[in-house]
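There are 2 protein chains.
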Amino acid sequence: MVKKQEAFFGGIKINKYTCINQTVKPNGLFLTNGLINWLNMARMEKKSLETQAIILKAAKKIFAQKGLSGARMQEIADEAGINKALLHYYYRSKEKLFEQVFDAALKKMLRPVIAFLADDSELFQKIRNICHHYYSVLLEFPFIPNFVINEVSTDPTRIIKMMELEGLLEGKEKTIQQVEQCIKDGKIREIDPKELIWNILSLCVFPFASKPIFSVLIYEDQDINEVLKGRADRVADFIIDSIKI
Amino acid sequence: MVKKQEAFFGGIKINKYTCINQTVKPNGLFLTNGLINWLNMARMEKKSLETQAIILKAAKKIFAQKGLSGARMQEIADEAGINKALLHYYYRSKEKLFEQVFDAALKKMLRPVIAFLADDSELFQKIRNICHHYYSVLLEFPFIPNFVINEVSTDPTRIIKMMELEGLLEGKEKTIQQVEQCIKDGKIREIDPKELIWNILSLCVFPFASKPIFSVLIYEDQDINEVLKGRADRVADFIIDSIKI
DNA sequence: TGGTTTTTTAACCATTTGGTTAAAAAACAG
DNA sequence: CTGTTTTTTAACCAAATGGTTAAAAAACCA
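Quick note, the sequences are listed as chains F and Y, same order. Using my numbering, you'd call the opening residue of the first sequence number 22 and step up by one each time. Using my numbering, you'd call the opening residue of the second sequence number 22 and step up by one each time.
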């Protein structure tokens with residue numbers, strides 16, 4: 022165990038029990054990322070990484086299932102097969118552990134749309150690409166839409182820091198201009214580019230979010246996952262059929 | 022106050038403090054709806070109904086915002102401006118209170134699609150109807166999709182009892198046949214009727230569920246509610262353009 | 001092997017939370 | 001006005017929960 026101590030690194034106090042993985046601010050003090058990484062690298066190793074991976078996997082499962090407020094630290098520990106104190110040893114607090122899980126999920130959720138916006142292909146091909154991209158990611162992680170949407174609507178500030186994501190702004194402008202150009206060229210009918218994007222995402226993401234409902238409401242005993250597997254192409258066609266002239 | 026007592030009605034025990042509004046089963050016993058209603062009607066009155074309305078309104082707000090696990094009974098009481106014990110006096114438990122709120126929300130969410138399935142109009146008109154129906158309901162209660170979707174995905178059994186909703190089954194069959202007939206008649210292109218329904222709902226419901234995300238991601242400083250207001254017509258056109266021949 | 005550091009655990013702790021209770025207040029009935 | 005019932009409240013309570021701590025165990029290093 023780390024002895025009770027108050028150590029100074031670069032003039033910043035780190036007291037008592039260390040927390041390996043997360044920004045340490047025991048007295049409300051912040052550490053720069055550089056310093057943190059140096060500290061982490063210095064000590065982290067040994068069994069550390071393996072355990073952290075086990076924790077993260079369990080946390081993803083429980084948080085995705087029950088959300089931040091519904092998840093219990095004890096349940097995550099049980100799922101991981103470790104002692105609850107380890108969660109705090111590696112991630113300091115529930116909120117911090119949640120942030121790691123959430124950020125990973127949000128990135129998975131946003132990657133296809135950001136790739137779409139940055140994609141230099143011709144418009145119809147871009148649409149086919151994003152549909153395939155989404156259906157392939159969400160078939161593997163079908164819980165992500167619900168998880169992300171729900172936590173963002175509970176605390177909208179969670180998404181703000183994601184705005185700085187690589188090339189979102191530029192990609193957005195580029196794609197909007199591309200759509201406008203297609204309209205001018207008479208390739209597609211008049212439509213607001215932003216609404217087109219919203220429609221595409223609706224058709225790609227909502228089916229996964231609404232799966233539990235549609236499963237009983239419309240599909241009853243049919244295997245809804247089988248339906249979803251073939252949908253990427255059909256959804257792309259649905260969109261293209263709607264806008265092409 | 023109701024005196025401590027163990028009364029027998031129709032051989033069913035009701036002990037100690039009564040709970041006005043909800044199925045009373047203090048020892049795990051159930052009362053039939055008829056008996057319950059008779060009991061309720063007999064005593065309920067006076068200030069009762071007004072207070073219940075206040076509680077329900079507050080509960081809707083808090084549950085919609087934070088979900089079942091995130092909501093606190095104290096917070097609901099504060100929002101309603103009453104004592105926490107009153108929540109239990111009228112609704113017995115958090116779960117029971119939640120059920121009332123959830124069932125109301127689920128019905129609001131399903132009404133347009135059930136009306137669509139039962140609608141005898143011509144297909145394109147039906148599509149315009151459901152779009153307007155959804156956008157009008159959800160512009161007024163924009164939190165409903167998130168709330169319903171999230172709670173159903175947490176506990177899928179919640180939706181099962183809704184299946185018995187008026188004329189869902191018949192309506193579904195009717196609409197599926199209508200779509201198939203339109204395909205045969207060459208009025209619309211080949212498409213699986215169930216997927217068409219899923220697409221319609223995606224385009225109607227997802228924009229509200231994803232509002233917090235799209236608001237910062239795509240629309241930035243634009244007023245996203247203004248965009249949503251005009252969308253019903255445009256979404257209906259989007260769908261019809263896609264399937265018409 | 002023996003000392004040192006890192007990892008893991010069982011036992012706690014303070015607070016929060018859903019729920020209860022007994023009594024006060026308000027509404028009602030005669 | 002008076003006794004009775006219904007409604008409302010403040011004070012509690014037990015269980016659950018996020019988090020802490022000191023010590024044991026494991027890994028590492030010389």
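Calculated from the structure, these hints are not laboratory results. All of these numbers come straight from a predicted model, not from anything done at the bench. Heads up, a few of these hints could be off.
A pair counts as met if it fits within one copy or between any two copies, since identical chains are not told apart.
To be verified - Each computed DSSO-like pair below joins lysine-lysine, with the alpha-carbon atoms no more than 27 Å apart:
1) 250 <-> 87
2) 87 <-> 205
3) 205 <-> 82
4) 87 <-> 105
5) 208 <-> 129
6) 115 <-> 250
7) 129 <-> 205
8) 205 <-> 78
9) 117 <-> 205
- Task: Please write out, lowest number first, the hints stated earlier that are contradicted by the structure.
- Result: 2, 3, 5, 6, 7, 8 and 9
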